[in-house]
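Enquirer: Below, each chain spelled out in residue letters.
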Amino acid sequence: GADDSSDSSTLGDAAAKPMIALVMKSLANEFFVNMANGAEAHQAEHGEQYELLVNGIRNESDLAQQVNLVDQMISSGVQAIVIAPADSRALVPALARAVAAGIVVINIDNRLEPEILEEYNLQIPFIGPSNREGAKLVGDYVLQGLDDDSEVAILEGISSAFNSIQRRTGFEEAVAQANMQVVTLQSGDWDQTKAAQLTSAILSQYPGLDVILAANDNMALGAASAVALANLDHKVTIAGFDNISAIHPLLEAGAVAATVDQFGEQLAVFGIEYALEAVASGTVLEDRETPLELITAASL
Amino acid sequence: MLSKLSLLFEEIFIVIALLLLILFFGLMTENFFTTGTLRAILTQLPALTVVTIGMTLVLISGGIDLSVGSVVALSAGVIGVAFTVFGLPLPVAGLLGILAGGCAGLVNGVLGSYFRLPVFIVTLGMLEAARGMAYLVTDSQTVYIGASIQALSLPISGIGVSASFLISLGLVVLAQYVLTRTVYGRYLIAIGTNEQAAKISGIRTEPYLMWVLVVSGLLAGLGGLMNAAYLAASDPNAATGLELSAIAAAVIGGTSLMGGRGSIVGAFIGVLIISVLQNGLAQMGVSEPVKRLITGLVIILAVLIDRWRSRYA
Amino acid sequence: MLSKLSLLFEEIFIVIALLLLILFFGLMTENFFTTGTLRAILTQLPALTVVTIGMTLVLISGGIDLSVGSVVALSAGVIGVAFTVFGLPLPVAGLLGILAGGCAGLVNGVLGSYFRLPVFIVTLGMLEAARGMAYLVTDSQTVYIGASIQALSLPISGIGVSASFLISLGLVVLAQYVLTRTVYGRYLIAIGTNEQAAKISGIRTEPYLMWVLVVSGLLAGLGGLMNAAYLAASDPNAATGLELSAIAAAVIGGTSLMGGRGSIVGAFIGVLIISVLQNGLAQMGVSEPVKRLITGLVIILAVLIDRWRSRYA
Amino acid sequence: MTARFAIEGLNKSFAAPVLKQVSLQIRPGSIHGLVGENGAGKSTLINIICGLLAADSAELTLDGKPYYPMSRAAALAEGLALASQELSLIETLTVEENILLSSLPESAFRIDRRKVRLQAQELMNLVGLKHIPPQTPLARLRLAEKQLVELAKALSMPTDRIKLLILDEPTSALTSAQADQIHRIIKQRADSGLSVIYVSHRLDDVLSVCDTVSVLRDGVIQHTAPGSSLTSDDLIREMSGEELSQHNDDEVRKIGDVRLRVERLSNADFPEPISLQCHRREIVGIAGLAGAGRSELLHAIYGLGAGHQGKVVLVEPAGDVLIDSASTAAKNGIALIAEDRKSQGIFSGKSVSLNSTVAGLSKLSGNLGAIISKREQRACKELISRLNIKSEGPRQTIDRLSGGNQQKVLIARWLQADSDVWLLDEPTRGVDVGSKLAIHNRLRELRDQGATMLIVSSELEELTALCDRILVLSNKKAVASYERGQWSKEKLLAAAFSEHKGERALAG
Ligand SMILES: Nc1ncnc2c1ncn2[C@@H]1O[C@H](COP(=O)(O)OP(=O)(O)OP(=O)(O)O)[C@@H](O)[C@H]1O
Ligand SMILES: Nc1ncnc2c1ncn2[C@@H]1O[C@H](COP(=O)(O)OP(=O)(O)OP(=O)(O)O)[C@@H](O)[C@H]1O
Ligand SMILES: [Mg+2]
Ligand SMILES: [Mg+2]
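Protein chains in written order, with this note's numbering: chain C, 1 to 300; chain E, 1 to 313; chain Y, 1 to 313; chain S, 1 to 508.
Source of the hints: derived by calculation from the structure; they are not laboratory data. Each residue gets a CB set at the ideal place from its N, CA and C atoms; glycine is no exception. Please note that a few of the clues may not be correct.
As the list claims (entries may be wrong) - Which stretches of chain E does chain C cover? Using the computed rule of at least three CB atoms under 8 angstroms from a CB of chain C, they are:
hint	segment
1	34-40
2	134-141
3	144-155
4	221-235
5	244-254
Hey, can you work out the whole structure from these sequences and the hints?
Expert: Listed below in structure tokens is the structure:
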């Protein structure tokens, strides 16, 4: 640390080597950890091009803390902020402050609401997948071939979170298209234990339940363990989202039918590359949607 | 005989609260009175139960342990990594997890007892630190352990309940026995009531105040094992906020936050109330806001009912 | 004169802890000593500060208020909905939010004081219930309020600090004044130290115990307003776990969890420590596990340093 | 003459009736003494008068008007000042704030510090606390000083508002010199028209101070008569229903071998090393003024606190045992009954059973520390009857016992632990005369069975009645030691004052 500070004591140096801040949601969540790891690996390879500062919030729903982080990044003099906003509206004013301070802002993962961007007269490019399409993709896959009268339960994340709403909507579209019924929709707060407890209760209320669509893999894991413990006489099909490594054994064993990969590792890297370009060129870039891939036992 | 009856009487109001709750859910949902529900409740009880036992003991000694939730996650993480990464046999991995909990408890205990720091703050620090360590050992990733560990959570054939459940029940009985029938328990109560008077009565208070936090740590470690067995995985984010549930269960069961008064059996009934509540609300499938509102009301109602105890007993 | 010096001395160790922390981050990061950092800290302080003032008063009276985090969210939610859905002018909406906090505090206060329920449990119930209500009023969605409310959070030109900050600083001074210079403050300390003795001295304890929770509720409501102003939005998930930060700040600042002892100025320094810690860690960009570990250690170190006070003062 | 305050037909029951048809008249300017055994109901009566408890039925009149206080605050507003037996002081506030707590002078929303200091200082001078700065935190004070603060607090009400001053055992922790000073103040106030209710177990004081005395026995007023027409024997007879004879063993007895050796013991508060030897079958008294360091000496011997130098050795047949902590002390048969019963003695909210057996649990437990409840029950019942503790049984919470009976429970605790070295700090504070003699006899019995005792008492009579030898402390130094037969009250007092230069305020 001491060397760095003497290095970059002159403004010229700092300008020559831009500092990019990656502001994440919970760094305790595997998906974002992977994203951060991808970014750090990229920086290690391109160390001569830029410096990277990675920060996340303690708790995915703590908006104030993320706003804080943005302010702190502004004050630590970064050239660009690549952000996965915890909320699509509340982060806009803070990012407006960043833009006003001459910082390039790139939006990844969770799209900022266009209306509010307009109100602030901002153009912030978005790079990321469509959570809704991803949910629809995995939903379509697991529901195909099941009877029309199948009972479906949806475990959503924190109900107010943008991703959670998007994924829930995608799931609901898939269920509607398959002409099935959502018997219950409850929030497992993205949490494995909570999802397991919810699933146990749902299974005693709806003993004939056929499908559980979980808005992330942690909740899918929880649901799978609850199903294993419930001693059922029929199979329950489970879908997840995110493709974390712990889900692979369950995919192989067939306990979980499918999940979706959004290539989180590359997501941040895309964002950083965009940011570098924008810093160099001084122009604002277009939005870009990143790919999604359905993961099943076969594709492992 | 008489003393046993009056003991029952002490818990009677809280048992009534539990029965009312069960009745309520029985009326509100279709399938509440089924073996499925019973089974669901019995499989999820053990972890909260063992953690609550430790918490109750700590509260009786006049302290508090805010770190239990993080310690559960740490222990689960240690177990997952020991088993999958280092390939240790499950019993060894499980033991390591429990010991990790014990170490966290030891740090709490030494700082709180011998350094005389406020336990609230020490364990609040440990809440952060143990969670950080849980992330470190698991590399912030959920570790899938596999079905083998679920044996602990699966009903033993012939008995119909799981090993986890039997262990937690055994610990309830043991802890209640120690608390009410042994010198250690009596000393704990004395220390929680008036530490200075306990010292003058010849009780070495420091070791007791230390050990009760170590026990709480060990039990949280065991809770981590049970949580991992329940999930067949270890989740570094597990058990966030568990400390508040454990305290609520203890207090609903008649434990005083001022120290010196409490009952393990009461706390267990508190755990039952919380589990029935969670399960019932999930079966009703009401929305999250309504769940929160009802949970809040039930917590307050339970102590309101318990208040009658002090009036009529 | 002498009493003022000794008052300064009482806080001196904790001020030293703060300075050490600042020094540490100054050495570890490049841009810590900039106006930007100061500004970031100053804009985020107010909400935690006002909530901590209420918490400190409650702790001094011998109680605790676990519901503050949820009440902040409820108040913010009420403000957002009143402004955007019902189209009320901002000042009215803000007042409604503060009043919503006051109502939550009133329920806490009546149950805790007149019904004599344990405050820990009552406010734990309120923690759930108020969060539920926050979800209900906002329909579980972040309500975007708009730039107009941010005026409260933006530096006033010429002064360089925001209205929120000035208000919170004013409240620190006011609360410290009330605590140390008025009869109410002395009575609060008396009740927190020994409620029975206070009663024998002719103090009506119930109204005090009720009002202190109402005040905490009102301040949490104000915290909600400040949170909304900061975010330009009201977030029903806001301020989760804020109660623990507020308690930590108060205790770091020398407030006793057993009641009867505490200082608002000390608590404010506790808030500064927590803010500087968060900011500094973010600027260092260390990983989440390490952040957790350091946060835990600093909390414990701060009280360890504070321990010297009782030894040498 | 009409009564200032009158009680007619007052009844109060808890589990059992405590006060039955109590009637009292208190004239303006009269000091009305109230005496009775521990648990007779004196404090209960006072709590009712002061609005802290509600009577089941009663007619109360104050200055001819009906008076039914709903709370202590209401009673205070009517002009009833109280010095409570269980001290109503706040440890975290300063002395001056405590004294004026009920009526802190304000100006413009803030406490008027200058007025507080002036008013408090005046009251402190009055009760003999001149030597303490008014801003001292109360927690730094000794018990006796606290009791004086409680008195100053009761006297703080302006003379034109105060109608009745109630003193519940106001001198129990004071030396006789301090008590005399208090009595002078009370008499002065009474001469100017104040009515006083005065409760005490020091019967001679009651007789010399009070113009009227009422005796309460088992919740019934037995007798009310002018103080001048009574003797303390009369009072004892009315209180207990039987004759009591104080017995002073005058002969010099033969003591046993050395049991406890204190060798050059000193600590931070106690710079001058003290050496001392106590024998089997010996009672050693420790005399001194308030603050002489008597309590501290007992605490240091018992191994409490830190930073001690020198050593304390218990002589055992099997070899000497070094006492370095309270738990080694307790384990080796040393008992300490501390001065402040409430904070250092009882386990409040717990049963008589827990309180009486906590130090001797090992005797009641079998393998692995399991308590055998039959033994426990039996032991507790035995203790209750042996010490004549007035309670509903082992399961009653100790807070509901009267003060004197709580004291007996503490003695029971160490009896149960089979202690044979006893360190007793004011062992009969707040104990009625009958029980006091019973405790004395109990202590003599223990001594005859071979016990060693060190007794601190502010009552010289108690020391001269019990002790074989009296050690005098003055200003934290051991200044003299007298064997039975060598001492006189004058000698003891002179020694006690010898090192306290310029602190005469304590003696009055
Ligand atoms: N709250 C209570 N509940 C039950 N019994 C009580 C309660 N308070 C007092 N008693 C009982 O009432 C009786 C009278 O107690 P009180 O304190 O009035 O005695 P006292 O005359 O003041 O004795 P002492 O001289 O020891 O202070 C005692 O037997 C006591 O056990
Ligand atoms: N300055 C002080 N600050 C705090 N505590 C003190 C101070 N002086 C004495 N004490 C405590 O007060 C208690 C009694 O003190 P000490 O032994 O000096 O008095 P004593 O001779 O027993 O007189 P008394 O009759 O008043 O009890 C002890 O427990 C001691 O620790
Ligand atoms: Mg009494
Ligand atoms: Mg003493």
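Enquirer: Each hint should be assessed against the structure and marked as holding or not.
Expert: Here is how each hint holds up against the structure:
1. With 5 residues having a beta carbon nearer than 8 angstroms to a beta carbon of chain C, the segment 34-40 of chain E meets the requirement of three or more and the stated coverage holds.
2. Counting residues of the segment 134-141 of chain E whose CB lies closer than 8 angstroms to any CB of chain C gives 4, which reaches the minimum of 3, so the coverage claim holds.
3. Restraint check on the segment 144-155 of chain E versus chain C: 7 residues with Cβ-Cβ distances below 8 angstroms, three needed, restraint holds.
4. For the segment 221-235 of chain E, the assignment as covered by chain C holds, since 6 residues bring a beta-carbon within under 8 angstroms of that chain's beta-carbons and 3 suffice.
5. Coverage of a stretch by a chain is defined here by at least three residues with a beta carbon nearer than 8 angstroms to that chain's beta carbons; for the segment 244-254 of chain E and chain C the count is 0, and the condition is violated.
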